[in-house]
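A.B. asks: So you can see what is in the structure, the chains are spelled out below.
Number of protein chains: 2
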Amino acid sequence: MTELFADRLTRAIEKKHSPVCVGIDPMLEMFPPELKPANMNDIDACVDAIYSFTMKVLEAVAPIAPIVKFQSAYFERYLWDGVEAYYSLIGEAEAMGLLTIGDVKRGDIGSTSTAYADAHLGDAPTREGEATSTPDAITINPFLGLDAIDPFVQSAIARDKGLFVLVRTSNPGSAHMQDVVTADGRTVSEMLADQLAPVAAQPTLMGELGFSSLGAVVGATQPHSMASLRARLPQSIFLLPGYGTQGATAEMTKAAFIKGRGAIVSASRSVLYPKRQPGQPWQAAVAAAAETMRAELQKAID
Amino acid sequence: MTELFADRLTRAIEKKHSPVCVGIDPMLEMFPPELKPANMNDIDACVDAIYSFTMKVLEAVAPIAPIVKFQSAYFERYLWDGVEAYYSLIGEAEAMGLLTIGDVKRGDIGSTSTAYADAHLGDAPTREGEATSTPDAITINPFLGLDAIDPFVQSAIARDKGLFVLVRTSNPGSAHMQDVVTADGRTVSEMLADQLAPVAAQPTLMGELGFSSLGAVVGATQPHSMASLRARLPQSIFLLPGYGTQGATAEMTKAAFIKGRGAIVSASRSVLYPKRQPGQPWQAAVAAAAETMRAELQKAID
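Quick note, the sequences are listed as chains A and B, same order.
Numbering-wise (my numbering), the first sequence opens with residue 1 and increments by one.
Numbering-wise (my numbering), the second sequence opens with residue 1 and increments by one.
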């Protein structure tokens, strides 16, 4: 790779006229009946079903979404076979021309963070000389402080990969940590944004299109904090979860965009498990849900 | 299991007269020469070496330490084979009578947290009817708020397992997040401790020996905050990392103990990669390092 992640993502968004990020959250109990495993207690059957399901989702959304986000938990749930499927599907998405985010929310210190970065942004050792595809970007958790984030940053720089740091998450309870006001009047999220801004702005992370490969996760359910966080992190691409099932609308994402750029909006359940019209095949319903989301977002941000 | 994690751990500590928790951080480059893989770039060779190394560590420390803590990053580093080795070694440790912590520092929201809890505290689906051993407890990250922690708590209650929530970590940079003073005068760590206290105190988590299965990670390198956090979380077992290589001494851990109980002290590198006497086999040096640590801690807390 020679192009920075921020530029690759920005160009992919423009090419598809779409800030849609489809979240790959394979939950067996929500699968369409024809894709459910025969035996939900057999790990091989479960992983096979997840693989088939995800391949069909990727095929359906590849023309519409520039990027997909794999939720690691739903793969780890099926132990090492699930983890193998995760990496394999990252490679499949890449082969379809999709950019990928590994939603792993890792965070640790020093050499442990380096080991996580090696695992999740490459380079792991190879098997018989063959390398394993790793995501173009991952999500990371900032609770341990900037020195704990640094190994991820170094890894992203060395490999032209991206990071999305949790700054303000989409769940209601996050308010009691991230919206807490500090002695200097900023919320914890605002303080964090201020700490991250110079890291994001370093030349080795800044793409030629004006955005940094160090992005931020800011829940689309939080319009009250969006403008403030955007002002503090003007160069970070925002990953906005919470669209659809969690209640965020296209209108609520507006403050994250800068002249129509610099943000991606993620939806999982509303795209993966859509309401189907009578007789509509599930895969067509997935594509239609992604297309509706794309149109709604384009209308709101244009 | 019928006994709560907090009671199992407290009894194991008393039985071995030892609050020592050995951190399993397998770093190939620090392995004794005789255990290094022939090819550091071949994933099978690396995982085999890690497996052998860890088995020898477990054998050496089983008489001295009531509990061991597996650092997930060093297994994830070797992709799905590493993850398989992680679960397999958890089973081996269990078979040697050791309690186990999975140091996974996971944290997410809602059903995603439930999937993580299923993966890391059991019950994943089985393979040909055979269940996979999962750790007795895991570490979790509180940045997403209490509602994000709740699925882990419910899982721990249902399975008699334990949790150690990150409250104050051992790295220097954590100060810029966790020591930040909020508008009401508490640090972020203190605020978090106050939020966690009623969760820890609920009857379903409280063991008959006076401790809760909801514990806290508090760096042994942070004596200035230890007493305050202990006062706010009187029923949580403290997991104290940072002993040895990171600079914490036995004396610095004292404020975490309540009449000699309620804390475990974790060391990784200083036990796994000890200085060897001339001619001393590496495994004997590991046992000696763990025994020295045990003696130092017993002297400080008695």
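Any given hint could be a false lead.
It does not matter which identical chain is meant; a pair holds if it fits inside one copy or across any two.
With a cut-off of at most 25 Å between alpha-carbon atoms, the simulated DMTMM-like pairs for lysine to aspartate or glutamate come out as follows [unchecked claim]: (1) K16 with D179; (2) K15 with D184; (3) K36 with E128; (4) K275 with D302; (5) K36 with E130; (6) K36 with E296; (7) K259 with D48; (8) K36 with D123; (9) K259 with D44; (10) K16 with E94; (11) K254 with D44; (12) K56 with E34; (13) K259 with E291; (14) K275 with D48; (15) K275 with E94; (16) K259 with D302; (17) K254 with D42.
It is worth saying that the hints were derived from the structure and are not from the lab.
All of these numbers come straight from a predicted model, not from anything done at the bench.
A.B. asks: Does each hint hold? Answer for all of them.
C.D. replies: Structure-based check of each hint:
Neither within a single protomer nor between protomers do K16 and D179 lie at most 25 Å apart by alpha-carbon distance, with minima of 35 Å and 44 Å respectively. With identical chains, the CA atoms of K15 and D184 are never at most 25 Å apart, being 43 Å at best within one copy and 49 Å at best between copies. Proximity of K36 to E128 under the C-alpha cut-off of 25 Å is restricted to the inter-copy arrangement: shortest distance 18 Å between copies versus 34 Å within a copy. Taking the shortest Cα distances, K275 and D302 never come within 25 Å of each other, neither inside one copy (27 Å) nor across copies (64 Å).
For the identical chains of this complex, K36 and E130 are inter-copy neighbours only, at 22 Å across copies versus 32 Å inside a copy, given an alpha-carbon limit of 25 Å. For the homomeric pair K36 and E296, neither the shortest alpha-carbon distance inside one copy (31 Å) nor that between copies (56 Å) is at most 25 Å. For the identical chains of this complex, K259 and D48 are neighbours neither inside a copy (42 Å) nor across copies (53 Å), given an alpha-carbon limit of 25 Å. Taking identical chains as interchangeable, the C-alpha atoms of K36 and D123 lie at most 25 Å apart only when they sit on different chains, with a minimum of 19 Å there against 34 Å within one chain.
Taking identical chains as interchangeable, the C-alpha atoms of K259 and D44 are never at most 25 Å apart, the minima being 47 Å within one chain and 49 Å between chains. Only within a single protomer do K16 and E94 lie at most 25 Å apart by alpha-carbon distance; the minimum there is 16 Å, versus 52 Å between protomers. For a Cα distance limit of 25 Å, the shortest separation of K254 from D44 qualifies neither inside one copy, at 43 Å, nor across copies, at 49 Å. Within a single copy, K56 and E34 get their C-alpha atoms as close as 12 Å, which meets the 25 Å cut-off; across copies the closest is 48 Å, which misses it.
Proximity of K259 to E291 under the C-alpha cut-off of 25 Å is restricted to the intra-copy arrangement: shortest distance 21 Å within a copy versus 63 Å between copies. For a Cα distance limit of 25 Å, the shortest separation of K275 from D48 inside one copy, 24 Å, qualifies, whereas the shortest one across copies, 48 Å, does not. For a Cα distance limit of 25 Å, the shortest separation of K275 from E94 qualifies neither inside one copy, at 28 Å, nor across copies, at 46 Å. In this assembly of identical chains, the alpha carbons of K259 and D302 lie at most 25 Å apart only when taken from the same copy (8 Å versus 65 Å across copies).
Taking the shortest Cα distances, K254 and D42 never come within 25 Å of each other, neither inside one copy (44 Å) nor across copies (48 Å).
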